[in-house]
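Since the structure of chain A is provided, determine the placement of chain B on it from the hints.
Those protein sequence lines, which keep their order, are chains A and B.
Mapping the first sequence onto my numbering, position 246 (from 1) lands on 246, and the numbers just tick up by one.
Take any residue in the second sequence, count from 1 to its spot, add 1000: that is its number in my numbering.
These are calculated hints, taken from the structure and not from any lab test.
Just so you know, not all the hints are guaranteed correct.
As the list claims (entries may be wrong) - Capping the alpha-carbon separation at 30 Å, the derived lysine-lysine pairs in BS3-like fashion look like this:
#, chain 1, residue 1, chain 2, residue 2
1, A, LYS266, B, LYS1276
2, A, LYS266, B, LYS1371
3, B, LYS1422, A, LYS266
4, A, LYS275, B, LYS1276
5, B, LYS1371, A, LYS275
6, B, LYS1371, B, LYS1422
7, B, LYS1422, B, LYS1276
Stated by the list, open to error - To give an idea of the chain A side of the interface with chain B (calculated C-beta under 7 Å), a few residues:
#, residue
8, ALA116
9, ALA121
10, ASN302
Claimed, not checked - Covered stretches of chain A, as calculated for chain B (at least 3 residues, CB under 8 Å):
#, stretch
11, 141-147
12, 204-213
13, 324-333
Please read all numbers here as calculations on a predicted model, not as lab measurements.
We put the beta carbon where it would ideally sit given N, CA and C, even for glycine.
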Amino acid sequence: MFWRRRPSGESAGPAPAEADGGAATVPDAEIEAQLEAELAAADAALAEAAAEGTTTMPEPIGGPAGAVEPEPVGPADLGAGVARSRGGFVARLRGLFGLGEPDAATWEEVEETLIAGDVGATLAIEVVARAMERHDPAGPESAVRAELAALLAPRDAGWDLSPADSGRPGVVLVVGVNGTGKTTSIGKLAARERAAGRRVLLAAADTFRAAAIDQLRLWGERAGVPVVAHAPGADPGAVVFDALDAAVARGLDLVIADTAGRLHTKVNLMDELAKVRRVIDRRLPGVRPEVLFVLDATTGQNGLAQARAFHEAIGLTGIVLAKLDSTAKGGIVFAIEHDLAVPVRFVGVGEKIGDLLPFDPDAFVAALFG
Amino acid sequence: MFDALSERLRRTLGALTGRGRVSEADVEAAMREVRLALLEADVNFRVVKDFTARVRERAVGAEVLESLNAGQQVVKIVYEELTAILSAGDRTFHLAGSPAVVVLVGLQGSGKTTTAAKLARHVVRLGRRPMLAAADPYRPAAVDQLRVLGRSLDIPVYAAVAGTAVPEIGRGAIDAARHEVRDTLILDTAGRLSIDEVLMAEVADLCAAVRPVETLLVVDAMVGQEAVGVAQAFAAAVPLTGLVLTKIDGDARGGAALSISAVTGLPVKFLGTGEKTDALEPFHPDRLAGRILGMGDVLTLVERAQDAFDAKQVEKMGEKLRTASFTLEDMLEQLQQVKKMGSIGDIVSMIPGMGGLAKEAQDSVDRGELKRTEAIIRAMTPAERRDPAILNASRRRRIAAGSGTSLTDVNRLVRQFTEMQKMMRQLGGGRRLPGLLGRR
Chain A
1 MFWRRRPSGE
11 SAGPAPAEAD
21 GGAATVPDAE
31 IEAQLEAELA
41 AADAALAEAA
51 AEGTTTMPEP
61 IGGPAGAVEP
71 EPVGPADLGA
81 GVARSRGGFV
91 ARLRGLFGLG
101 EPDAATWEEV
111 EETLIAGDVG
121 ATLAIEVVAR
131 AMERHDPAGP
141 ESAVRAELAA
151 LLAPRDAGWD
161 LSPADSGRPG
171 VVLVVGVNGT
181 GKTTSIGKLA
191 ARERAAGRRV
201 LLAAADTFRA
211 AAIDQLRLWG
221 ERAGVPVVAH
231 APGADPGAVV
241 FDALDAAVAR
251 GLDLVIADTA
261 GRLHTKVNLM
271 DELAKVRRVI
281 DRRLPGVRPE
291 VLFVLDATTG
301 QNGLAQARAF
311 HEAIGLTGIV
321 LAKLDSTAKG
331 GIVFAIEHDL
341 AVPVRFVGVG
351 EKIGDLLPFD
361 PDAFVAALFG
Chain B
1001 MFDALSERLR
1011 RTLGALTGRG
1021 RVSEADVEAA
1031 MREVRLALLE
1041 ADVNFRVVKD
1051 FTARVRERAV
1061 GAEVLESLNA
1071 GQQVVKIVYE
1081 ELTAILSAGD
1091 RTFHLAGSPA
1101 VVVLVGLQGS
1111 GKTTTAAKLA
1121 RHVVRLGRRP
1131 MLAAADPYRP
1141 AAVDQLRVLG
1151 RSLDIPVYAA
1161 VAGTAVPEIG
1171 RGAIDAARHE
1181 VRDTLILDTA
1191 GRLSIDEVLM
1201 AEVADLCAAV
1211 RPVETLLVVD
1221 AMVGQEAVGV
1231 AQAFAAAVPL
1241 TGLVLTKIDG
1251 DARGGAALSI
1261 SAVTGLPVKF
1271 LGTGEKTDAL
1281 EPFHPDRLAG
1291 RILGMGDVLT
1301 LVERAQDAFD
1311 AKQVEKMGEK
1321 LRTASFTLED
1331 MLEQLQQVKK
1341 MGSIGDIVSM
1351 IPGMGGLAKE
1361 AQDSVDRGEL
1371 KRTEAIIRAM
1381 TPAERRDPAI
1391 LNASRRRRIA
1401 AGSGTSLTDV
1411 NRLVRQFTEM
1421 QKMMRQLGGG
1431 RRLPGLLGRR
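Same shape as in the complex, but just chain A:
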């Protein structure tokens, strides 16, 4: 039984026996002690930071120390982050658009260029057809840009990953297929949130992949946040439940849960994810978890099938586009946002802890065209 006795002074609620039958393989006392130690260390670091007037981090976040205020990234920032990947693509589009009045062959090349960026053949054909209809006086680049921007989901400019109110923690559930970069994204996200002054707890609910828990622990150390973990093979729902309990007991702001990578075609594994979601809903009714889908930017057209299946199983609220520093263009995002109206929230642009940037749709479309 994973249920833990609370310290005196706080009444433990009725044990929700139906909540989860998962057996914790790590003794409760051990988790408790470990968590105490990690929390104490994190608190000390925060207090120290406050005293010094700077935020001390195991690694600097996003450049010079002190520049840790999470700001929406401007076109220049995103452009710089993905500059390496855009050169060829942009140059080609530019070249195309410099040729004057576009003829059929030019439009075909535009279509091909979009396809080469993983936008997808069907969508690329549609976008080009609509762009031609526009007869945009500013030229085809402007027309295609406008059509691409129109595919993106509407989003609230003031959005942030905010913790729930009334003393209950916010919950972020991070999901995706194998090898997209979930654990790495969580490490970066934890550092970002902590730098914003939030008290974060990580839940190691990837109990399947060999050494996934160790990997998350190392990221936890780097980001300076504690990690709740059970033994490998434990029930992921139980891990999440425990983490939520711990966060409530300590009055923490945010719980970020890692999950095992799973192919979206494996129905039983998708059901397992839905169960984790139910555990959250039951433990913290009314707290709407942020469900972030991590998508590898090198993914082709299968990305849409992935996003659809995950959305259907647990309801996605946002996307992290990882590995955008590669040569890939991430063009599948247009189809996904258009189809599911789930916005990309962050982009991963490297392996360092500061390499997570807020997604700016204008900058993303602009970066496509240089």
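Relative to chain A, chain B alone:
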């Protein structure tokens, strides 16, 4: 796997087979569909251009227009061209040298570490003594991951002290392998971007230091248009000998394999078909091309079955598949064995013409319908199991009551079984392209 592509091609080419003669315009229309299908399957757009041009050239020629079986000709050409591309290079998994050194390279998250463990297990079955080595000093816990996998397979894992240069790790691993009398060394490397010059130089140095007999690029089946660029960059830096295509058990169409083989000439040597360490299969281009065309893959089915069944059973089953004398009794027996063989979706997807049913079948397992099917068959008399044709309404009602299911369930099972038998009968006719070549 590859379902959507085979569906599309089947639809397009099916329209062609419906007529006796094919005009140039028909071929053009078909090629437009083929182009779209291949692009949606993430085949690189340049490769698609070449491919459709080649097929068009061959199809619009006299051989098709003069032929009475124009549809057959086009199907044959598409199949041959697909097979030709997928047959590129030497697919033998070479293990020369003492130790024979295998290096795995690729992008982050493509599945190198899992593949390393799978290859180790594979060579153990070849009677060899492998050692795994972790040359990934960057990703947190990468070494731990390999250690855990090695422990589960009882294969030693070499890891250097933190801070050791990667080529040094390679040399150290070779020494360790010799010392422990290991004849195969499988080196897992860090995931790296093909444009990261420092890390690409590092892996080049590693290969220069360990002189691998096999340098395999691990490619995620879900990767998009960039597959070709990535493969070319790796091929320029290290002496690549082939590919491992991973995560093919999802529904990604895996056009990357076609693209990379077409552009670099590198062969696919293995397919990664699951998360467990035994989910590694040799690659067969003709079978894969056949699967793309919806011809199924009975050979792979039989091969996989061999691990779970004894030879006599396999022979019996192969015979039953050929002669379509497969009964509900056999199906029951099958259901018991399926659990040993892997997911039912995998199995069904290999039966010709049933690719589309694979997902459905997997779903039904997950919904517990396997149990229901079992209950229904168990509620039948032996005579009924051998010949479902005798199942009249009253028998069906009795079976439904006896199995605790509904009449609808019983009817569905009988219908599905009849369809399955029909498929197998078609296959048994010995025709080369069942289901695609007209409807005589």
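Do the hints match the structure? See the list:
1. LYS266(A) with LYS1276(B): OK: LYS266(A) and LYS1276(B) at ~14 Å, within 30 Å.
2. LYS266(A) with LYS1371(B): Given that 30 Å is the threshold and the Cα spacing comes to 19 Å, the pair holds.
3. LYS1422(B) with LYS266(A): holds, 28 Å
4. LYS275(A) with LYS1276(B): holds, 23 Å
5. LYS1371(B) with LYS275(A): Between LYS1371(B) and LYS275(A) the Cα gap is close to 23 Å, so the pair holds against 30 Å.
6. LYS1371(B) with LYS1422(B): Since the Cα atoms of LYS1371(B) and LYS1422(B) sit roughly 24 Å apart, the hinted pair holds (cutoff 30 Å).
7. LYS1422(B) with LYS1276(B): Violated, at roughly 34 Å.
8. ALA116: holds, 5 Å
9. ALA121: holds, 4 Å
10. ASN302: Hint on ASN302(A): holds, closest Cβ of chain B at ~4 Å, below 7 Å.
11. 141-147: Per the Cβ count (0), the hint is violated.
12. 204-213: With 5 residues in contact (Cβ-Cβ under 8 Å with chain B), the coverage given for the stretch 204-213 of chain A holds.
13. 324-333: Holds: 7 residues of the stretch 324-333 of chain A have a Cβ under 8 Å from chain B.
Going down the numbered hints, you'll see the structure goes against 7, 11, while the others check out.
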